[in-house]
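Student: Given next are the chains, with one letter for each unit.
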Amino acid sequence: MTDWIARHPDLVFAAIKVVICLFLLLTAVAYMTWVERKLIAHIQSRWGPHRVGPHGLLQPLADGLKNLFKEDIIPAGVTSRFVYLLAPFLAVSLSLLAVAVIPFGPEPVEVWGARTGLYIADINIGLLFVLAVTSLGVYSIALAGWSSNSKYPLLGGLRSSAQMVSYEIALTLSVIGVLLLAGTLSLREIVLAQTGHWGGMVPRWYIFPQFIAFLCFFISGVAETSRAPFDLPEAETELVAGFHTEYSSMKFVMFFMAEYSHMIVTSLVASLLFLGGWLSPFPATEFWGWTRYLPVALAGALGAVLLVDAVRHRPLWHRFIMSVLGLGCLGVAALLATQETLLAVVQGPFWLLGKTAVFLFIFIWTRATLPRFRYDQLMAFGWKFLVPLAVLNIVVTSFLVAWRAG
Amino acid sequence: MAASTILFFLFGGLAVLGALSLILQRHPIHSALSLILVMASLAVLYLLLGAEFIAAIQVIVYAGAIMVLFVMVIMLLNAGEEERTSLSRTARVVGLPVAGLLLAEVCYLLYRAWPADTVVEADRFLGRTGPIGRLLFTDFVLPFELTSVLILIAVLGAVVLAKKEL
Chain Z
1 MTDWIARHPD
11 LVFAAIKVVI
21 CLFLLLTAVA
31 YMTWVERKLI
41 AHIQSRWGPH
51 RVGPHGLLQP
61 LADGLKNLFK
71 EDIIPAGVTS
81 RFVYLLAPFL
91 AVSLSLLAVA
101 VIPFGPEPVE
111 VWGARTGLYI
121 ADINIGLLFV
131 LAVTSLGVYS
141 IALAGWSSNS
151 KYPLLGGLRS
161 SAQMVSYEIA
171 LTLSVIGVLL
181 LAGTLSLREI
191 VLAQTGHWGG
201 MVPRWYIFPQ
211 FIAFLCFFIS
221 GVAETSRAPF
231 DLPEAETELV
241 AGFHTEYSSM
251 KFVMFFMAEY
261 SHMIVTSLVA
271 SLLFLGGWLS
281 PFPATEFWGW
291 TRYLPVALAG
301 ALGAVLLVDA
311 VRHRPLWHRF
321 IMSVLGLGCL
331 GVAALLATQE
341 TLLAVVQGPF
351 WLLGKTAVFL
361 FIFIWTRATL
371 PRFRYDQLMA
381 FGWKFLVPLA
391 VLNIVVTSFL
401 VAWRAG
Chain F
1 MAASTILFFL
11 FGGLAVLGAL
21 SLILQRHPIH
31 SALSLILVMA
41 SLAVLYLLLG
51 AEFIAAIQVI
61 VYAGAIMVLF
71 VMVIMLLNAG
81 EEERTSLSRT
91 ARVVGLPVAG
101 LLLAEVCYLL
111 YRAWPADTVV
121 EADRFLGRTG
131 PIGRLLFTDF
141 VLPFELTSVL
151 ILIAVLGAVV
161 LAKKEL
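Each protein sequence line maps, in turn, to chains Z and F.
Sequence positions in the first sequence follow the numbering used here and run 1 to 406.
Sequence positions in the second sequence follow the numbering used here and run 1 to 166.
Just so you know, the hints here were simulated from the structure itself, not pulled from any lab data.
Every residue gets a Cβ at the ideal spot worked out from N, C-alpha and C, and that includes glycine.
Now the in silico label distances, taken between C-beta atoms and shown as ranges:
1. Z/G200 x F/F137: 36 to 42 Å
2. Z/L26 x F/A113: 47 to 53 Å
3. Z/W365 x F/L161: 39 to 45 Å
4. Z/V401 x F/F8: 37 to 43 Å
5. Z/I73 x F/F140: 53 to 59 Å
6. F/A158 x Z/T195: 43 to 49 Å
Use the sequences and the hints to build the structure in full.
Tutor: Given below as structure tokens:
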């Protein structure tokens with residue numbers, strides 16, 4: 001066994017990275033629900049979850065347990081049991097699959113004497129892989145709606161497949177502008193093409209030359225994930241809960257997880273394509289050298305805030321949880337400050353995840369702010385505004401690229 | 001046995017199984033799902049040949065777009081299970097032998113054209129994005145543009161048929 005491991009270090013590293021990525025992604029998905037409820041609550045002058053644990057921090061665990069122990073009902077009238085059970089499985093596995101090609105950092109890092117990259121797989125067609133996996137996500141919704149054999153899910157499923165197919169076109173077209181500039185489909189090389197700064201100040205991110213493409217991409221990304229204001233597939237006032245009306249217990253949770261991990265993946269891809277992925281926004285000069293200690297500062301500040309806040313909490317175990325979290329953050333800060341190699345490894349993921357967090361905030365912000373589209377408005381907006389705009393962007397960009405190439 | 005050989009037999013087998021199930025299933029949705037399985041397995045086979053771009057396009061276009069329309073149509077028409085009929089006498093006496101004969105003929109011709117075991121080598125296959133784009137826009141630019149026009153006409157026809165008065 002050890003012999004086999006020694007001969008295939010790549011496979012072992014890949015397996016370890018898969019486990020780490022899945023663990024982090026699933027935790028992020030669980031805590032996105034908490035972040036979303038908390039943010040929307042504060043935007044609307046409410047408290048949000050605050051009963052289970054300090055600041056309601058244990059709410060995702062409580063929700064998970066609750067859903068796990070709910071009765072798992074399969075309605076008697078389902079058209080096909082196989083398809084009914086396949087749909088949530090497809091939803092969650094396809095939305096988790098896309099993380100496989102996301103690069104989190106620049107160059108291979110050294111772990112235990114072996115070199116490995118901060119990605120599960122670096123393939124030449126990374127971007128196409130993400131698009132392919134998202135395009136397959138339609139099936140989970142369509143099949144769930146159909147197999148439930150009930151009118152609201154069917155309507156929701158039909159609406160959502162029409163919506164996703166339409167917005168996928170705008171999504172794919174908007175990416176082409178970036179591809180023309182970068183000249184590659186590999187996500188790693190697209191990020192590397194954005195290295196450097198204009199005039200030593202403004203980073204060469206594609207969001208500046210490709211701002212229209214960015215708008216198209218993000219809007220259609222929101223529509224692809226069926227989030228507000230494009231959440232027509234589950235418009236509760238007209239469709240009960242849309243395609244997942246007949247799903248209960250963990251099967252419902254799987255759809256929920258799929259939606260949130262889809263959101264995270266869209267944000268990751270948006271930051272890779274338009275915000276320079278893992279690249280730091282600051283120039284790599286002596287003057288900006290201190291910015292590499294930002295992760296330390298962030299972890300330290302978070303730890304201090306948590307510790308100060310811990311005193312405020314009444315129940316002893318709330319105080320305990322908060323102080324453990326605060327001390328943990330301080331410990332991470334100390335570790336990063338002293339271990340130079342660790343700090344170097346953390347740089348890439350720090351910036352990428354920071355940019356992703358900005359996009360996730362916008363996702364939630366729009367949900368808290370904007371009312372839902374009407375169905376005909378949605379279709380008209382996609383086909384008559386986003387698609388022509390994306391095509392125009394391709395034409396202009398290719399002319400500029402051709403002109404610059406001479 | 002090399003890993004790629006194992007994967008070839010695994011996904012080749014899956015493709016054949018999916019194709020059989022496509023014909024044998026009684027429910028249209030199950031048939032459509034089997035067809036998606038066939039296309040996904042074919043994409044993996046392309047990937048094994050080193051044709052990443054074609055594999056991705058196979059999934060995006062066939063599995064992600066065309067089959068979605070199939071599934072939507074089946075859902076909209078609410079098609080139920082098909083009746084299974086036994087083979088008619090003509091089919092049994094004439095159809096089956098002719099089908100077998102055709103299969104044998106195709107196999108023979110293929111074998112005569114490429115008798116060697118290894119036909120395509122993974123790395124020499126021009127399936128990468130750059131070569132395909134170059135071929136499409138230089139050697140095959142006329143067929144490419146003609147096909148685009150053909151598709152455009154089909155789209156216009158569909159719009160005219162669907163919307164009687166514009």
